[in-house]
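Asks: Protein chains in written order, with this note's numbering: chain W, -16 to 289; chain B, 940 to 1229.
No lab work stands behind these hints: they were computed from the structure. Positions of the beta carbon are idealized from the N, C-alpha and C atoms, including for glycine. There could be a bad hint or two in this list.
What the hints assert, rightly or not - Quick look at which bits of chain B chain W covers, simulated, 3 or more residues with Cβ under 8 Å: (1) 965 to 978; (2) 1111 to 1117.
Claimed, not checked - Chain W side only, calculated, beta carbon under 10 Å to chain B, not exhaustive: (3) F(-1); (4) F57; (5) I94; (6) T223; (7) S243.
Said to hold, decoys possible - Cβ pair distances, simulated, as ranges: (8) B:D1112 - W:E285: 39 to 45 Å; (9) B:R1215 - W:D179: 29 to 35 Å; (10) W:L117 - B:D1112: 26 to 32 Å.
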Amino acid sequence: MKGLKHLLIAPPLLFFFAISLVPLIFTIVLSLSGYSIGGDFSWVGVDNYVRLASDPMFTKSYWNTLLYVLLGVFVQYWLALGVALLVNQMASGSRPLRLLFLLPFVMPPLIVGFVWQTMFDSRYGPLSALLRGLGVGPVLWLNEAKLAFTSILIVDTWQWTPFMFLILFAGLRTLPREPFEAARVDGASDWRIFWDHTFPMLLPASIAAILLRAIEAFKLFDVVFYVTGGGPGGATSTVTLQGYFTALRSGNLGYGAAMSIVLLVTVMALAMAALVWLKRLAGRRTRRMERELQAFSVEFRERTAP
Amino acid sequence: MTAATQERGRTGSRLARAALLALWGLFAGFPVYWMLVTAFKQPRDIYQGPFFVPFLDFTPTLRAWEYIAGPARETVVHGLLNSLLFAAGSAFIAVVLGAFAAYGLARYPYKYGPYRNDDLSLLIVSQRIMPPIVAVIALFAMFRAAQLLDTRVGMLIAYTWFNLPLTVFLLTDFMRRIPVELEQAAALDGYGKFAQIWKVVLPLAMPGLAAAYLLSFFFSWNDFILALMLTFRDAVTLPIVITNLSAQMEPRWWLISAIGLIAMVPPIVAVSLLDRFIERRVLHAPRGEE
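Modelling step: build the complete structure from the supplied sequences, incorporating the hints.
Replies: Here is the structure:
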């Protein structure tokens, strides 16, 4: 059974080649062509990419995507951490509450889009009613650029904070108790305990949550597709949405392919940078621990020396 | 500080914490509640709204549900069955293939040119980092050439591709923790290598397999972009059915909400089962007096 080992790994590798690598190469080739559905194939070199740089709809979508990732991950991380800490402090019976908090994440993204479309409606939406009750006058959430952008960010936060909460809560549950009890006996404040013990010990879970969330955030599509359709005037559009409209709705496969390649390169570059940074961080930590250990052993020897 | 003020301070902070949790619960839960009540509204209760409490400020009706059970039945059932088939089927295939690959990666040293075990894992997992739009534009053209566009087989392939990186990633660590001695004992009893995996390793990996299955099911069920681009009639999933029903000037919110509620049931079941798994594993981990 010498072939077994190769047989075991074959299917995932086959899928990798057939449905990831081949399409990727195909997309790169497409992006260098002026091919459109029903049209002829023609090489245009890097023309598509040059055109992208001065295409206002694309540049807007590109910066929107980056902003959604940055702002979304930042806001959602701190909210999720806060909620996870609060739930973790509950003595017992947190399961129903946890399931309630997970509901938004469980909802199919398309339904999320629909529900929030009704939530934001300026005539019969509950949010507008709430604001009317507070004396703020009809808010056209989805008609003004900045407000529409914020609305998408609110929906994204609603939908994805539970995911980060799940990871951070699981991380909190596995922390040992002794350091916290010792610090409490020493009279440390909750604030100090958080920064000195909880936060550093939770760092691996935090990094996992942030990385996974950021990777997903780059793919933002369905919610925007439904809540605003990218509007008004591209104010909420993302690269995936723009690529979809260009390639599959308008049929400009070549130009749409170029958009998706720019997105891929961006994600890959940032993922690489994150990995390098994490490796260096881990190295620094190990070196610091080594130094501390050395200092401790020196001190130990001095103290125990006759 | 006297004991009394300390006690008062503690009650105060407990109240503040409860208030914060309640606020978050309201934010998380209200849109779901809103969908629930919308599914039982008349059109006029929606357009003259907002109305919040059934029986109090509007009379609930089964209008949407009657429509689903009547004229829309065939369309909805068609989408529902497709969604179930794709999610359940592709999750099963992805877990079986993923388990074998994970076993291989955990037990054997690989060397394909410069690629060793870690590189192979990274290659497989990196597919999850790639935004689907990159593959999907080409996939659309490839599926069209292979006549897989809008077919069930095509969608099963697409969702298996979608989930396989995840199952390989999750299960490799799991397989590493299964003691190799058990297989050696089975080998002494005359089991072949394949029987060892099938009869000894996989049963032991059951909790991990179940978790990977539920997660895969969940992700395929909630997918929208693959179905949007690769199906249009025969292989449409529930999200696409909903999209088609909503493609009108004034969407029928009551109907969309009702089908949305149906669409939420399978992932809720999957995630609450998953939560049990996570909790059980946490309870087994050493953690003070608990």
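Asks: All hints are to be evaluated individually against the structure, with a verdict given for each.
Replies: A quick look at each hint next to the structure:
1. 965 to 978: It holds, with 9 qualifying residues against the three required.
2. 1111 to 1117: Per the Cβ count (0), the hint is violated.
3. F(-1): OK, holds: F(-1) of chain W within 10 Å of chain B, min 6 Å.
4. F57: violated (18 Å)
5. I94: holds (4 Å)
6. T223: Holds: closest Cβ of chain B sits about 5 Å from T223 of chain W, inside 10 Å.
7. S243: holds (4 Å)
8. B:D1112 - W:E285: 39 to 45 Å: Given about 43 Å between the Cβ atoms, the range holds.
9. B:R1215 - W:D179: 29 to 35 Å: holds (34 Å)
10. W:L117 - B:D1112: 26 to 32 Å: violated (51 Å)
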